[in-house]
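Read top to bottom, the protein sequences are chains A and B. If you're matching positions, the first sequence starts at 3 in the numbering used here and goes up one per residue. If you're matching positions, the second sequence starts at 659 in the numbering used here and goes up one per residue.
Everything labelled a hint here was simulated from the structure, so no lab data went into it. Ideal placement from N, C-alpha and C gives every residue a C-beta, glycine not left out. Be careful, since some hints might not be right.
[What the hints assert, rightly or not] Below, in silico cross-link-like pairs of lysine-lysine (DSSO-like), each with a Cα-Cα straight-line distance of 30 Å or less:
(1) A:K72 <-> B:K756
(2) A:K59 <-> A:K5
(3) B:K684 <-> A:K5
(4) A:K59 <-> B:K728
(5) A:K72 <-> A:K59
(6) B:K714 <-> A:K72
(7) A:K59 <-> B:K751
(8) A:K57 <-> B:K714
(9) A:K73 <-> A:K59
(10) A:K59 <-> B:K768
(11) B:K727 <-> A:K55
(12) B:K727 <-> B:K756
(13) A:K5 <-> B:K714
(14) A:K15 <-> A:K5
(15) A:K57 <-> B:K727
(16) A:K72 <-> A:K57
(17) A:K73 <-> B:K751
(18) A:K55 <-> A:K20
(19) B:K751 <-> B:K684
(20) A:K73 <-> B:K756
(21) A:K20 <-> A:K5
(22) B:K728 <-> A:K55
(23) B:K756 <-> A:K5
(24) A:K72 <-> A:K55
(25) A:K73 <-> A:K55
(26) B:K756 <-> A:K20
(27) B:K751 <-> A:K5
(28) A:K59 <-> A:K15
(29) B:K756 <-> B:K714
(30) A:K55 <-> B:K714
(31) B:K684 <-> B:K727
[Unchecked claim] Which chain B residues stay away from chain A? Per the calculated CB distances, all over 12 Å, these:
(32) K684
(33) H715
(34) T735
(35) T758
(36) V767
[What the hints assert, rightly or not] Incomplete in silico selection of chain A near chain B, CB under 10 Å:
(37) Q8
(38) F35
(39) P41
(40) D61
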Amino acid sequence: DVKVTQSSRYLVKRTGEKVFLECVQDMDHENMFWYRQDPGLGLRLIYFSYDVKMKEKGDIPEGYSVSREKKERFSLILESASTNQTSMYLCASSSTGRIYNEQFFGPGTRLTVL
Amino acid sequence: SQQGEEDPQALSIQEGENATMNCSYKTSINNLQWYRQNSGRGLVHLILIRSNEREKHSGRLRVTLDTSKKSSSLLITASRAADTASYFCALIKAAGNKLTFGGGTRVLVKP
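Chain A with its partners taken away, still in its complex shape (with noise of 0.2 Å):
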């Protein structure tokens, strides 16, 4: 079975810090994608990577950014936190040549930034 997992569960960070959400898969997927998930507004795409030091903005990139060094970790950076980024963030994988195919989720990770 796939298996995509996050850094933590339950995260909470203070207004202008810097905060890193890992995400990492273990079925050697080539995309991974970064969503954030929010009350009414479903799942919105931030970044996503179809390889390793690749990386494509999402329809919502400002104030993220993203890091694929490896090709099974894909993380979120958000350079200084701010309230309104306060949401759920999900982080998904899919194999290539599948790319219009299912993506597989990890648990999410939500974020409180006070």
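Put chain B on the given structure of chain A with help from the hints.
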């Protein structure tokens, strides 16, 4: 803006009843997928239907796709309390490479 819009936003049924939810979208698609999310957890892929398909089944799930109406429906038959979750449609646009999610339908199955 969201490409997939689910309807209804919330649904409450008794165990054993069927649950139907709909997803409408605005553009041509490559495929449409349905996901389930249990409270506070990640999403789980349920079923994928391609633009040239009209109906697919998986266990107690039945998905239809009407590209002329730009809509899809998810039917859960003989619902169980464990089906209580939020259900999301997600689509890949015909010329796109990203999965776009709708706002979801919250389903409550009462025992």
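How the hints compare with the structure:
Only pairs whose Cα atoms come within 30 Å are accepted, and K72 of chain A paired with K756 of chain B is accepted, the gap being roughly 22 Å. Annotation: proposed proximity of K59 of chain A to K5 of chain A holds, straight-line Cα distance about 24 Å (limit 30 Å). A hinted pair counts as satisfied when its Cα atoms are at most 30 Å apart, and K684 of chain B with K5 of chain A does not qualify at roughly 33 Å. At roughly 27 Å between alpha-carbon atoms, K59 of chain A and K728 of chain B fall within 30 Å of each other, so this suggested pair holds.
About 19 Å separates the Cα atoms of K72 of chain A and K59 of chain A, which keeps this hinted pair within 30 Å; it holds. Distance check on the hinted pair: K714 of chain B and K72 of chain A sit about 37 Å apart at the alpha-carbon level, beyond 30 Å; violated. Only pairs whose Cα atoms come within 30 Å are accepted, and K59 of chain A paired with K751 of chain B is accepted, the gap being roughly 17 Å. Taking the CA atoms of K57 of chain A and K714 of chain B, the gap is near 34 Å; set against the 30 Å cutoff, the hint is violated.
At most 30 Å may separate the alpha-carbon atoms for a hinted pair to count; K73 of chain A and K59 of chain A meet this at roughly 18 Å. Using a Cα cut-off of 30 Å, the hinted pair K59 of chain A and K768 of chain B is violated, with the two alpha carbons roughly 41 Å apart. Taken as a hint, the K727 of chain B and K55 of chain A pair is broken in the structure, with Cα atoms around 40 Å apart against an allowance of 30 Å. Simply put, K727 of chain B and K756 of chain B have alpha-carbon atoms about 22 Å apart, close enough for the 30 Å limit, and the pair holds.
Our distance criterion of 30 Å between C-alpha atoms is met by K5 of chain A and K714 of chain B, whose separation comes to about 26 Å. Annotation: proposed proximity of K15 of chain A to K5 of chain A holds, straight-line Cα distance about 27 Å (limit 30 Å). In summary, the hint linking K57 of chain A to K727 of chain B is not supported, as the alpha carbons are separated by about 35 Å, beyond the 30 Å threshold. The straight-line distance between the Cα atoms of K72 of chain A and K57 of chain A is roughly 12 Å, inside the 30 Å bound, and the hint therefore holds.
The hinted pair formed by K73 of chain A and K751 of chain B meets the criterion: a straight-line CA distance of about 26 Å does not exceed 30 Å. For the suggested pair K55 of chain A and K20 of chain A, the alpha carbons sit about 21 Å apart, so the restraint of at most 30 Å is met. A distance of roughly 10 Å separates the Cα atoms of K751 of chain B and K684 of chain B; the hinted pair therefore holds under the 30 Å criterion. Between K73 of chain A and K756 of chain B, the direct Cα distance comes to roughly 19 Å. Compliance with the 30 Å bound is thereby established for this hinted pair.
A threshold of 30 Å between alpha carbons decides the hint, and for K20 of chain A with K5 of chain A the separation of about 27 Å falls inside it, so the pair holds. Using a Cα cut-off of 30 Å, the hinted pair K728 of chain B and K55 of chain A is violated, with the two alpha carbons roughly 37 Å apart. A threshold of 30 Å between alpha carbons decides the hint, and for K756 of chain B with K5 of chain A the separation of about 21 Å falls inside it, so the pair holds. Note on K72 of chain A and K55 of chain A: the hinted pairing holds, with a Cα-Cα distance of about 8 Å set against a maximum of 30 Å.
A threshold of 30 Å between alpha carbons decides the hint, and for K73 of chain A with K55 of chain A the separation of about 9 Å falls inside it, so the pair holds. In summary, the hint linking K756 of chain B to K20 of chain A is supported, as the alpha carbons are separated by about 28 Å, within the 30 Å threshold. Annotation: proposed proximity of K751 of chain B to K5 of chain A holds, straight-line Cα distance about 27 Å (limit 30 Å). Among the hinted pairs, K59 of chain A with K15 of chain A is consistent with the structure: their alpha-carbon atoms are about 24 Å apart, no more than 30 Å.
The suggested pairing of K756 of chain B with K714 of chain B holds, with an alpha-carbon distance near 22 Å, which does not exceed 30 Å. Restraint check: the Cα-Cα separation between K55 of chain A and K714 of chain B comes to about 37 Å, which exceeds 30 Å; the hinted pair is violated. Among the hinted pairs, K684 of chain B with K727 of chain B is consistent with the structure: their alpha-carbon atoms are about 9 Å apart, no more than 30 Å. The beta carbon of K684 of chain B is kept farther than 12 Å from every beta carbon of chain A, the shortest such distance being approximately 15 Å.
Against chain A, the non-interface label of H715 of chain B holds: every CB pair exceeds 12 Å, the least being about 16 Å. Annotated as non-interface, T735 of chain B keeps its C-beta farther than 12 Å from every C-beta of chain A; the closest such distance is 22 Å. Not every CB of chain A is more than 12 Å from the CB of T758 of chain B (nearest about 8 Å), against its label as outside the interface. Its beta-carbon lying about 21 Å from the closest one in chain A, V767 of chain B satisfies the requirement of being farther than 12 Å from that chain.
Taking 10 Å as the C-beta contact cut-off toward chain B, the hint placing Q8 of chain A at the interface holds, the least distance being around 8 Å. The beta carbon of F35 of chain A is positioned within 10 Å of a beta carbon in chain B (closest approach about 8 Å), and the interface hint is therefore held. A least Cβ separation of about 9 Å between P41 of chain A and chain B falls short of the 10 Å threshold, and the interface hint therefore holds. This hint holds: D61 of chain A has a C-beta 8 Å from the nearest C-beta of chain B, less than the 10 Å allowed.
Violation of the numbered hints given earlier is confined to hints 3, 6, 8, 10, 11, 15, 22, 30, 35; the remaining hints are satisfied by the structure.
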